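Starting from the known structure of chain A, arrange chain B on it as the hints suggest.
As they're listed, the protein sequences go chains A and B.
Residue numbers 1 to 262, in our numbering, belong to the letters of the first sequence in order.
Residue numbers 1001 to 1249, in our numbering, belong to the letters of the second sequence in order.
Derived from the structure by calculation, the hints contain no laboratory data.
In this text the structure is predicted, and so the values were computed from the model without any measurement.
Each hint should be verified, as a subset may be incorrect.
[Said to hold, decoys possible] Below 30 Å or equal to it, Euclidean Cα-Cα: the simulated DSS-like pairs (lysine-lysine) are:
id: 1; chain 1: A; residue 1: LYS165; chain 2: B; residue 2: LYS1137
id: 2; chain 1: B; residue 1: LYS1093; chain 2: A; residue 2: LYS165
id: 3; chain 1: A; residue 1: LYS165; chain 2: B; residue 2: LYS1064
[Unchecked claim] The following residues of chain B were derived to be distant from chain A, with all beta-carbon distances above 10 Å:
id: 4; residue: GLU1030
id: 5; residue: SER1080
id: 6; residue: GLN1152
id: 7; residue: ILE1162
id: 8; residue: HIS1181
The beta-carbon is built from N, C-alpha and C at its ideal position, and this holds for glycine as well.
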Amino acid sequence: MLDDFVTRAILAALGVALAAGMLGPFVVWRRMAYFGDAMAHAAILGVALSLGFSVSVFCGVLIAALLVAVLFLSLTQRTQTSDSALGVIAHSALAFGLVAVALSDAQIDVEAYLFGDVLTVARADLALIWSAAVLIAAWLVWRWRGLITWVVSEDLALTSGYRPKLEEIGLIVALALVVAVGIKAVGALLITALLIIPAASARPHVRTPEGMALLSACFAMLAALGGLKAAFLFDTPAGPSIVCVAAVVFALSTGLAKLRGQ
Amino acid sequence: MSLIDARGLEKRFGADVVLHGVNLSIERGEIVTIVGPNGSGKSTLLRMLAGALQPSAGSVQHAKGLVIGYVPQKLALDASLPMTVRRFLDVPKRQPEAEVAQALRRVSVEHLAQRSLDGLSGGQMQRVLLARALLQKPDILMLDEPTQGLDQTGQADFYRLIEELRVELDCSVLMVSHELHVVMSASDRVICLNGHICCEGTPEIVQSAPEYRALFGSGTHGALALYRHEHDHVHDENCAHDHAHEKAE
Chain A
1 MLDDFVTRAI
11 LAALGVALAA
21 GMLGPFVVWR
31 RMAYFGDAMA
41 HAAILGVALS
51 LGFSVSVFCG
61 VLIAALLVAV
71 LFLSLTQRTQ
81 TSDSALGVIA
91 HSALAFGLVA
101 VALSDAQIDV
111 EAYLFGDVLT
121 VARADLALIW
131 SAAVLIAAWL
141 VWRWRGLITW
151 VVSEDLALTS
161 GYRPKLEEIG
171 LIVALALVVA
181 VGIKAVGALL
191 ITALLIIPAA
201 SARPHVRTPE
211 GMALLSACFA
221 MLAALGGLKA
231 AFLFDTPAGP
241 SIVCVAAVVF
251 ALSTGLAKLR
261 GQ
Chain B
1001 MSLIDARGLE
1011 KRFGADVVLH
1021 GVNLSIERGE
1031 IVTIVGPNGS
1041 GKSTLLRMLA
1051 GALQPSAGSV
1061 QHAKGLVIGY
1071 VPQKLALDAS
1081 LPMTVRRFLD
1091 VPKRQPEAEV
1101 AQALRRVSVE
1111 HLAQRSLDGL
1121 SGGQMQRVLL
1131 ARALLQKPDI
1141 LMLDEPTQGL
1151 DQTGQADFYR
1161 LIEELRVELD
1171 CSVLMVSHEL
1181 HVVMSASDRV
1191 ICLNGHICCE
1201 GTPEIVQSAP
1211 EYRALFGSGT
1221 HGALALYRHE
1231 HDHVHDENCA
1241 HDHAHEKAE
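Extracted from the complex, chain A is given alone in its bound form:
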């Protein structure tokens, strides 16, 4: 069954969508959209790194994304406001990444990393994607109480015996993982869309954090399936098609919420 590239593409997109959909609400609640963007832009630098040090693209991207996170956290503890700090980091990382890739002799297709290339997913990629999705799901279940308490109030978390710093580190690592596996499915430029749009689509229809995470994951997977279907039908690039469907779902969801008077 996995011999078919279509099946592999569907499974890969579903895995990435599941991981991004579950994690998305936290990005929205903690206002980390731009942070996610910065990590994703660094992915291109990660691709260049992986070429230079001959490690896998997955490792290179993961390391680059985490580097960006560390850099950001150390910058914002000083004087820069987070907004400009992220702007500096995100675009520098992308620019250096593009230049580094161009300088290397390797023949690589930058577009495949910017916009994704889910039709060429190999079995090994699939294993990686689903390992990441399962790992993130398990971490969410394990840390759920602490995470939600932290999102509600840092003081409440601290006085209840949780350690918000650890939850934050966990969230950053999980985000880096999503970026590292998502680059194959939807690409560096669009992975943040898969984090934000399904979560935002879910918001008007739910009353609890749990509901939002579940509905967000469903919407993300719906977008993955619908986007791939559209890509085959209209012969359009898969990554952008997935994000287009996510955007249509968002529009419908918002319209429905307005109709119901929320």
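Chain B alone, transformed into the frame defined by chain A:
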């Protein structure tokens, strides 16, 4: 042993020393109120005692297994976070349905269970925050300016509720407040703070202490004098100084 024991607490933000030389312990069953002008470090002290903030120097010791019922000044909830009152009461841990109903009834907001948190009024929010703290079965309730934004009647009701809860739960209460006249009558011990502990003791002792009068004046039980505070001298180690200031009265 004391529930909370703080020794030599100091807090700096950058170069600013907000608090220094604070020694304080809280015993089981007492109601302690921290009063002081704006910027005197009240909330900072409360948050350090609660473990929400690390002191720059000194130590805070909690009794073994101490459960804190923390009531923050307000919740800065992001509008993107869906949260009903009922769900909020399960933060951090899920609570039995019967106990939740009882806690909501105890603070008179049982009709709000299915409401969304962001639609509540200031007074309703305070009560919901308190209900959540009650469900933790705390050894100590810690409240940061719990009656801010409530009218006089609302404040009096709230403090009466706190006194009743202290007896029902057999817990201590530590709170920070501005409302001196109300607080005074509801407290076993008052701590007058302005960068350090200026004076402390029973409400009667504190009210007649020269340091307290220097901070809050005496004519109106302090309620109005708070806003013409003229306590801008340099503090030394033990506050063994004359509170030189111009008396407006």
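How the hints compare with the structure:
1. A/LYS165 <-> B/LYS1137: 26 Å, holds
2. B/LYS1093 <-> A/LYS165: Given that 30 Å is the threshold and the Cα spacing comes to 19 Å, the pair holds.
3. A/LYS165 <-> B/LYS1064: Cα-Cα ~23 Å, so holds.
4. GLU1030: Check passes; 19 Å lies beyond 10 Å.
5. SER1080: 5 Å, violated
6. GLN1152: At about 28 Å from chain A, B/GLN1152 clears the 10 Å cut-off, so the statement holds.
7. ILE1162: At about 18 Å from chain A, B/ILE1162 clears the 10 Å cut-off, so the statement holds.
8. HIS1181: 28 Å, holds
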